[in-house]
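A.B. asks: Using the hints provided, position chain R relative to the given structure of chain L.
Residue numbers (our numbering), protein chains in the order written: chain L, 1 to 113; chain R, 114 to 230.
Just so you know, the hints here were simulated from the structure itself, not pulled from any lab data.
Hints are supplied without guarantee of correctness; some may be wrong.
What the hints assert, rightly or not - EDC-like, lysine to aspartate or glutamate: derived pairs with alpha carbons at most 20 Å apart: (1) L:Lys83 with L:Asp38; (2) R:Lys222 with L:Glu95; (3) R:Lys162 with L:Glu95.
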Amino acid sequence: DGGITQSPKYLFRKEGQNVTLSCEQNLNHDAMYWYRQDPGQGLRLIYYSQIVNDFQKGDIAEGYSVSREKKESFPLTVTSAQKNPTAFYLCASSEQVTTGELFFGEGSRLTVL
Amino acid sequence: AQSVAQPEDQVNVAEGNPLTVKCTYSVSGNPYLFWYVQYPNRGLQFLLKYITGDNLVKGSYGFEAEFNKSQTSFHLKKPSALVSDSALYFCAVRDMKSGGGADGLTFGKGTHLIIQP
Numbered sequence: 001d002g003g004i005t006q007s008p009k010y011l012f013r014k015e016g017q018n019v020t021l022s023c024e025q026n027l028n029h030d031a032m033y034w035y036r037q038d039p040g041q042g043l044r045l046i047y048y049s050q051i052v053n054d055f056q057k058g059d060i061a062e063g064y065s066v067s068r069e070k071k072e073s074f075p076l077t078v079t080s081a082q083k084n085p086t087a088f089y090l091c092a093s094s095e096q097v098t099t100g101e102l103f104f105g106e107g108s109r110l111t112v113l
Numbered sequence: 114a115q116s117v118a119q120p121e122d123q124v125n126v127a128e129g130n131p132l133t134v135k136c137t138y139s140v141s142g143n144p145y146l147f148w149y150v151q152y153p154n155r156g157l158q159f160l161l162k163y164i165t166g167d168n169l170v171k172g173s174y175g176f177e178a179e180f181n182k183s184q185t186s187f188h189l190k191k192p193s194a195l196v197s198d199s200a201l202y203f204c205a206v207r208d209m210k211s212g213g214g215a216d217g218l219t220f221g222k223g224t225h226l227i228i229q230p
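Just chain L, same shape as in the assembly (with noise of 0.2 Å):
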């Protein structure tokens, strides 16, 4: 079955560690997209990406970097530089970058000890 894939579902980390977060889909879409959702904020965009070699900043990316070197994969590592990591992450694809949904894997949820 076609769909994106998150890794680790649960990561813990100590303060100061670097952490890299997973994302991998097959359904053949260009544009993939990094959230991170904390309790009554609903989602906020980190970064996303329309193509391969490519990748533009959201609304929060300071302490988070990324690479997009393969159209299947797009991970997010989260530096020590990020103040406040503990958050659950979601990462998407859509095909149409303008009008096309977002298809969304199942999360990381990590907590920084």
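C.D. replies: Same frame as chain L, but now just chain R:
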């Protein structure tokens, strides 16, 4: 800049009654509007979208939404609520600027829908 407002943090409805979850938006160009549903510790699932055409849009699980340009609203509705509809619902907008191009999808803060047996 584009924005979405969901004015109710929580909506309570008795099973079998009609339900409405409210959403208003603000864009500089033409809006593309979406509704999603999220169950606990899961990703978001797409329900329906408005791009152009008929103002009444029908989607998954019996949900529908009405686009009202003059009121800049896109309320989600269902004629008869089920207990299984209890979840977190998000409205989202993409601003299609007159010069072309698009920003990412902007989401509201979500509305908890609770259907009581």
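A.B. asks: For every hint, state whether the structure bears it out.
C.D. replies: Now for the hints, and whether the structure bears them out:
Restraint check for Lys83 of chain L and Asp38 of chain L: satisfied, since their Cα atoms lie roughly 14 Å apart, inside the 20 Å limit. Among the hinted pairs, Lys222 of chain R with Glu95 of chain L is inconsistent with the structure: their alpha-carbon atoms are about 25 Å apart, more than 20 Å. Under the criterion of a C-alpha separation no larger than 20 Å, the hint pairing Lys162 of chain R with Glu95 of chain L is consistent with the structure, at around 14 Å.
Checked against the numbered hints listed earlier, the structure breaks hint 2 alone; every other hint is satisfied.
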